[in-house]
Structure formats: C-alpha cells, structure tokens
Amino acid sequence: MFEDKKDDFFLARWVSGELSEEEFKAFKKHPEYQYYAKIMAGADALDLKTYNVEKELIALKSKRENTTNKKKKGTVIKLLPYVAVAASIAIIFGIFLFGPKDDFATQYGETLTVQLPDGSEMILNAKSKASFDKDNWKNTRLVSLEGEAFFKVTKGSKFTVSTKNGEVSVLGTQFNVQSHNALFEVNCYEGKVSVVNKNYTEILTAGKAYRNYGNTPENWTFTGAEPTWLTNTSSFRSIPLKYVFKELEEQYNIQINSSNIDLTTIYTGTFPNNNKEVALRTVFSTLGMDYTISEDGNTVVLEK
Amino acid sequence: MSDNKNSTCNEKVFDNFFKSHSKLLRNYLYYKFGDLDQAEDIVQDAFIKLWNNCANVSIDKAKSYVYTVATNLGISITRHQKVKFKYQDYVTQRKSDINHESPEFIALEKEYMEKLKAAIASLPERQREVFLLSRIDKKTYKEIAELSGVSVKAIEKLMHKALGTLRKTLGNI
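In the order they appear, the protein sequences are chains C and W.
Under full-length UniProt numbering, the first residue of the first sequence carries the number 1, and numbering increases by one thereafter.
Under full-length UniProt numbering, the first residue of the second sequence carries the number 1, and numbering increases by one thereafter.
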C-alpha cells in the first residue's frame, strides 16, 4: 500500500508524531493520507467498557477467601487419597472399635494438613507420623510426633508435642518440630515455645531455633514466616549429610547408595521437593559428587 | 505471612498493585483473546494465583508474573476454540469529542465506525494488540514493547503493518 515509502515504520512514526516536518508535509499531500487520517480519527474515538477496579478488587478478595479455604481441604484429599482413606478408616474404627485415637501418617514426598479439634493446624512433612487423643483433647492438647511437622496453635490451654527426643509445649503460636532418631530441632515462628528434654529446658521466642544432635545442643536465630518445606523446598543449616540424604529419600522415595561417602560432612543448602532432577543435581553438585540413577529411577549411586 | 512493607503478601502492597495493573492487563487480554468478560475472569484468576504465591514472587517481579500467568490461562482456555474477537458490545465510541485530539476534524458516520471495528477485529492478533494498546490505552511503543517482551522496532513494525492492513480492509471509504 505504501510502496513508495520504503520505511516500514513510517506509519508508526506518523501516529506517534515522530515524522519530521518535511516528511509530514509530503505525507499530507499524498493521496493515501486522507484514508489513514480517517482510520486514526476513528480509532481514537474508540473506547472500552469501563473497568471498575474497586469492584473487581472486592470480588477478588471474596474469591480469594473461597479458594484458599477450598484449597486447604483439597490438599488433604488431592495429595493423599490413600492416607485420607486410611485416616477416615482410623476415625471410624477409632470411634467404634479401638477408642478415640486419631493417627495420621504421610508417605514419601507427601504433606498432610490436619485440623485439630480446637481449630489448631498441624502440617505433616513427608514420612512422618502423628497421633492425638480426640476425646481427651479438651483436657490435654497433646500430639505425639515422629518425623517433622509445623503447628499453628490457637490460643488456649497448654499444647504439647511429645517426641522421643523431648517435649515442646506452648500456649498459642506457630512452630516447627523435627525429631528423627538422634536429631531434634524446634523452630519457633510466633509466640513462645518451651522445649524440654532429659537434661535441658529452653524457652524459644519467635525467630529462635533450638537443635540437639548427638547431645550437643545448639541455639540460633532465623528469619522467615514459615518452614520452607511448606512451599516445597527443603532447607538445611549446618547439618550432617545423613539427614540431607534422608530428606531426599523421603521426599522422592529413592534409595541413596552412599557407601563411599562420609555422612558426617556438614551441609548447608536447599533443594526443591517437587523436581527430582533439580534436587539431586543441586545437592550433589554442591558437594562435588558424581551420581548415577538406576534404570527404575529408585536408586541413586554416589561416587566421590 | 510476612508483613514486610515491600512484600507481595502485604495486603496494602497487593491492593495497590492490583489497582495500578489490573485494568491494563484486562485490556491486554481482551485484545489478545477477544472476550472482555473472559479477560476479566482471567485477571481475577491470575491475581489469586499471585496472592497464593506471594511469598515467592517479589513485588518487582509481580507484573511479569501476572502477565505470564494470565497469558497462559488465556491460551489454555482458547486452545480448543477459534479466537473470535467480540467487538460489537465493547468497543464503543468515546464520549468526549474527538476534536481536541485530532486537529483536522473528520466527520465519521456510524457506518464507518462499525466497519472500522470489524476491520480491527479481523486484524492478526499481534497487530491488533499493538494497535489497540496504542490507540485505546494510549501506550507508547516503548511501554508496549516492555509488556510483550519484544523490541520497540518490532512494535513499530507491527503498528505500521496494522495501519496498512486496516487501510486495505476498509478500502476507499
């Protein structure tokens, strides 16, 4: 259409008023000019139906509430069909046959959100077990835990998490407990937490953490509003390699063959819980280790 | 969640971000996928997704995040249907008179406006997007280039082409 103008931005420059005076004068005399001027005048008269930002924001907020509520319920069912079935069986049998005890367990790579009778929330990380006594809940808020879980406790009477490594009690707060064999770690995210084990009592305030590994207690401070595993990341702070490998195995249902590796090496770092390749690469490349994955994808062999 | 003043999770930060970006995103999606109601739904879904991921998306990344999420949503919705640009109900004549904007007043018959709207609707997607972002939202080529992640030159070329295509479609009227 505009073969005599080789410049293929010419009309764009005209629209934005970037033509030189001479160019513009010449263009105005051109027989095509009237048609383009008409298109532009018409286009500039166009508008869209108005957009009510305030109204849309209100709609968004009410939708947001709905989806987050749904999502919480959905996570339990979606991630864990069989655990949900197991849990409901436990409840049914629990009530009618074995007395009122509720048990929850997660498999490899799963997390499970459990609503406790008083509205408190417990989120179990992979390969963890927890149980509580529903009928006696009013008198004692007590959860037994093996593995790792994050708790959001509503205000009320003393809330206790009992593990093989010690007890953690609070009044109303958010905290993370990790208890694997010889490793015991508690992170307090809100409020105050008291940690008690055989020969130790410690009060943790928000942002404080406590760890006992091989009878060496340790305290430190951290930032972050919730444990990283809630957002699909496992993170470690100077921890023996053994526990990093254990977490990898639990998240991805794999076996790590580490016979040549010194498992007491201290590791600090993170890996994603939803991408196996990236997780393996992240951990092993920072350690300078080569690895091969077996054909069925379940075993990882390490070479130094 | 974090109450940090610059965190996307901060209610105020999020609200302000929504207020300053939702309209243009809605228009952008309309130009791209041709359905204004659907565009408004996608805006809602994209911002909900941003909220749910607010801890992982810093506020300076939030804009490109919602554009990407929304575009992907639009693509997955329209994958199975041919995009037909619904222009009849939505593109309306501006209330304010146009004399101030174009010095040479040109009388435009209703009939011409309808033809122009139809011609814009039948533009290739990218040309339409650029043309309408420039004309309706009054975005500069640079701003459009930033939105679609291409060079300013590419946008200028598309604008030039869009005008040429419209001229051809409308003929000598």
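Hints are computed from structural coordinates only; laboratory data are not their basis.
Just to be clear, a hint being listed does not mean it is correct.
Unchecked claim - Listed below are the simulated DSBU-like cross-link pairs for lysine-lysine, each with C-alpha atoms no more than 30 angstroms apart in a straight line:
| id | chain 1 | residue 1 | chain 2 | residue 2 |
| --- | --- | --- | --- | --- |
| 1 | W | Lys84 | C | Lys208 |
| 2 | C | Lys25 | W | Lys86 |
| 3 | C | Lys63 | W | Lys153 |
| 4 | W | Lys153 | C | Lys28 |
| 5 | W | Lys84 | C | Lys63 |
| 6 | C | Lys55 | W | Lys23 |
| 7 | C | Lys29 | W | Lys157 |
| 8 | C | Lys38 | W | Lys12 |
| 9 | W | Lys139 | W | Lys86 |
| 10 | W | Lys12 | C | Lys63 |
| 11 | W | Lys5 | C | Lys49 |
Claimed, not checked - Computed far set for chain C versus chain W, every beta-carbon distance over 12 angstroms:
| id | residue |
| --- | --- |
| 12 | Ala59 |
| 13 | Gly109 |
| 14 | Ala182 |
| 15 | Thr233 |
| 16 | Ser294 |
None of the values given here were measured: they were computed from a predicted structure.
We treat Cβ as the ideally placed atom computed from N, Cα and C, and that holds for glycine.
Checked against the structure, which of the hints given earlier come out wrong? Going through the list in order, the structure violates hints 1, 2, 3, 8, 11, 12, 15 and respects the others.
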